[in-house]
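K.L.:
Line order of the protein sequences matches chains R and W.
Residues in the first sequence are numbered from 0 upward in steps of one, following numbering that gives the first Met the number 0.
Residues in the second sequence are numbered from 0 upward in steps of one, following numbering that gives the first Met the number 0.
No wet-lab data here; the hints were simulated from the structure.
Even for Gly, the Cβ is constructed at its ideal location relative to N, Cα and C.
Be aware that a few hints might be false.
[To be verified] Partial selection, computed: residues in chain W whose CB lies under 8 angstroms from chain R: (1) Ala-38; (2) Asn-46; (3) Val-68.
Single-letter residue listing:
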Amino acid sequence: MSEITPENVRHLASLARILVTDEEVEKLAKELDVIVESVAMVKGAVSDDTPATSHPIPMSNVYREDVVKPSLSQQQALSNAPDQADGKFKVNAILDEE
Amino acid sequence: MAKAELMDFDEAIEKYEVVIGLEVHVELNTNTKMFCGCANEFGEQPNTNVCPVCLGLPGALPVVNGKAVEYSIAIGLALNCSIAGDGRFARKNYFYPDLSKNFQTSQYDEPIAYEGQLEVPVASGKVYNVAIERAHMEEDAGKLSHVGGVGRIQGAEYSLVDFNRAGVPLVEIVTKPIFDSGAEAPELASAYVRQIREIVKAMDVSDARMERGNVRCDANVSLRPKGQQRLGTRTETKNVNSLRSVENAVRYEIQRQAAILAAGDEITQETRHWHEDKKYTSAGRPKSDADDYRYFPEPDLVPVQPTEELIEEIRTRLPENPASRRARLQQEWSLSDNEFRDIVNSDLLDEVDSTVSLGVSAQSAKKWWTGEIARIANLEGKEITELSVTPEDVAEIEKMISAGKLNDRLAREALSGVIAGEGSVAEVVSARGLEVVSDDGALTAAVDKALAEQPDVLEKIRAGKEQAAGAIIGSVMKEMRGQADAGRVRELILERAKS
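Just chain W, with the same shape it has in the complex (with noise of 0.2 angstroms):
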């Protein structure tokens, strides 16, 4: 499909105002499906968690998982929603592979969570409060695969399904419009993303990997004249999978909407699908009969009645927002925003603050997870929560180093001994005998052995120049295979040269 004409982007948001809407759909992570006792697992063989309630066949009958409605109830309360005491499920009824009971249990005008909102900030400072149309609960659909043609829909043999996915638990949370987000929309757009992302995964009720679809973001954006009071027609971009995505589908969809206009064309209602490898959206279905979807209360479930009381203990166990938590550990930990920013946008505040909390230096704690730990994650095309490290290893680490049992390069050894699963990091040291050399003895005699060899050194820290003592550093450290703690060897050099 060929790329649509775009305005330049600054000239865009000089002509129109930008509306933009989103809708984000979170995979819960409890044990089992929305309306069945089958796994919620990633990656299982295909059509191995399935049951006769999830495929969908005749008389089967749904029960609500009580622990879906707890997390589907935190993630309303964290989006400062009221929670509706009387919530009941609907069916969307549709046809499409990827359901075989053709419709989907969802909800429709009783949503568990309603009337939100939520502070986003970006990157100039500004603050936008996002408010929040509604969160609902309903499932998953099952995974589809195309086979023949480009295996993409379009131009596809066949396709396959596989309803392992088919009925996990989602909340969908749907923002109002927002209007005054100018330029800064594409941007808001994936800060926004970004935070749920935060909020959800802090209050541990999804994994919320993007790139494992268990955040995902249908971003509707649609532009009027300045000035203009009717909304302008939207398009729907659907399923962008990364924060990145969904900042450059925003961007893309404001400047093609905006060429569009400007040449005096309307703008299609449709949905739309966001190619993140060549960067612009091609056109989906148009809104169309088939979006009838009939909806109609779900006549096998019953009413979901939340008390106060657990809305309450649900409120209290709600762990502390991830933006404030932010602010509060750069502030305990005295780091520069950049220093801050460097950890965050690793995605290593938890391993940080862990290690942290388990006595080492915030400087230090930095320095291993952003440093050495990232390196190794990098080399191996890992995340770095795969690697089997924990901030207790770290801190094992840090704790010999300051009892100057490793020096930094050993410790780093010791660490990539872990990483390789070798064991504990006592184990690795003992294993690959990392250990310093403490034994002033057998220093001495190699500190010796170097200032004989080389005479001139030892002439100029004689004669007052200390710094000269690193040639010799290095020939001890040398001999001594790096197992020596670099502070004594000096020591020892200056003491021996000047006797």
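Just chain R, with the same shape it has in the complex (with noise of 0.2 angstroms):
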């Protein structure tokens, strides 16, 4: 039983800007599916009183003091953009807005 459709990937890739093949599409359909069955198999193990667990280890509250650290300097911070102008990252301009 797929559940999986070729247009889930192709969607699913979009949102990620994954450029896709058609082979891989069906690829990743197939392999998609089979992650899709195991959960469905874990969820058919969980009664309504298993709390859900996004987080495997016991732990909380794990906080931080309202301390200031040294940051990076704007050298530092600038040094693997692809491109810089006037201290700040420089893109490509942004079109799908307005």
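Each of the two chains sits in its own frame; use the hints to bring them together as a complex.
P.N.:
Written out as structure tokens, the structure reads:
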């Protein structure tokens, strides 16, 4: 039973900004299907009183003191930037708003 | 972009029921960012308060700022929310250059605070009970500037990104839909934002300066024909950054949508941008695939589980609710509605309150802050809070006035010296030689001289016309270069004239 359609894969790929070929779409659909089925099996084992476990390690409330630590210098911050101007990261024009 | 067709506001309200929903983002004033130790500072050199965490460099691990959690709980409590005993962070995935990680660390189905309510009074005297859906923690994004074109997104050649603001702690407060406000919807929207701003300012969890983007509002507006159950299609006007803009933007959207619906057309569900300069909204991005944020629990952060003790401790530290504080102060100060509104609208309640608590009468405190000090701030194009004058200075000046050491004119001059940075009141008074001349000998000599110069006035006073003394007071004050107590001068004139 295939739940993941090629359209699903293309949609996900476009959301994640990943270019995929038609062959990859077919292959990924099958692979994702296996994952979805595996999760479905786990679901079957869960009863109403099983808490959701987004974090498997029983840990909570790990906080940092509100104390300023040294930051990077502007030069360090920009050292990996493909392009820069005026101490800022330079990016392509964004056309999808307004 | 051309302005849209608008329906007359009253007609729109007549025909349609207005539904609004408000999302307010509050930037917290913690020392550091939400997930790293970079300074949370406004106006630094670009990309100097950044580190691998807030730049989203691979492998960098976030750690939650405990203070930001406490501030968020405080906001939740002030809005009468329940506080989640078990909350967590989630990744909101989207691609936009203001967030280098390609996701915003936010909260999704387990916000820190939920199901609250806030009473919001409007000018008509009606009090709206605004239901709060949730308040959740998240991080702010970096700041984009668009270069080329007209400095806006459209037509820009490229954009520049400063990540100093990326990772600054935010609390987003979301209301439930508000149905019954009708013609008062625009005013209610702005009154609600004003009240949130007052609350976070009173708690000192945010600098709450809208012009700096510390408090920002997204306003959702939809209309439906009266009697219709189904909600109309809504628009979301983004980042409206002044109280006036909130009111204007909601009013505009009501009129714009009403015209579209009346023409039989449909509203496009989209984000819109408010242009305060030309007073209209323009279409932004329509809702699309890109809004599929694929939220999932943030694996790098463990759950936030505040204990009952912590929540109760924060509750006991909450300051008085601003609305009840206002009511209390107005009564304590016996000011009229108008006098009191003067203080509130100038945002001077804290200053006047502090001044009164130093022993100054409410009337005098109000007079100084909303009068001379506001005038100087206005003249210099500054906020009153930017001037270097404190409630202590005002109290000192008042003390010197009651002791007869300063008169009104000298007091104003002393004040302007303090504001000019010349030192404390005492220092300015002594450096500028402002103290009132209380040496009766010098005053008497000046009075005698003035009386001798104006024998006609002297005659009148002797004939019992005491109000004629005014002319002599003027001459004496001039002679003393204003540094005399007018009351004492008057006494001396009458004394000398009749001797």
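K.L.:
Next step is simple, just say for each hint if it's right about the structure.
P.N.:
For each hint, the structure was consulted:
1. Given hint, Ala-38 (chain W) at the interface with chain R, holds; its Cβ is 5 angstroms from that chain's nearest Cβ, closer than 8 angstroms.
2. A distance limit of 8 angstroms between C-beta atoms decides the matter here; for Asn-46 (chain W) the minimum to chain R is near 4 angstroms, and the interface restraint holds.
3. Taking 8 angstroms as the C-beta contact cut-off toward chain R, the hint placing Val-68 (chain W) at the interface holds, the least distance being around 7 angstroms.
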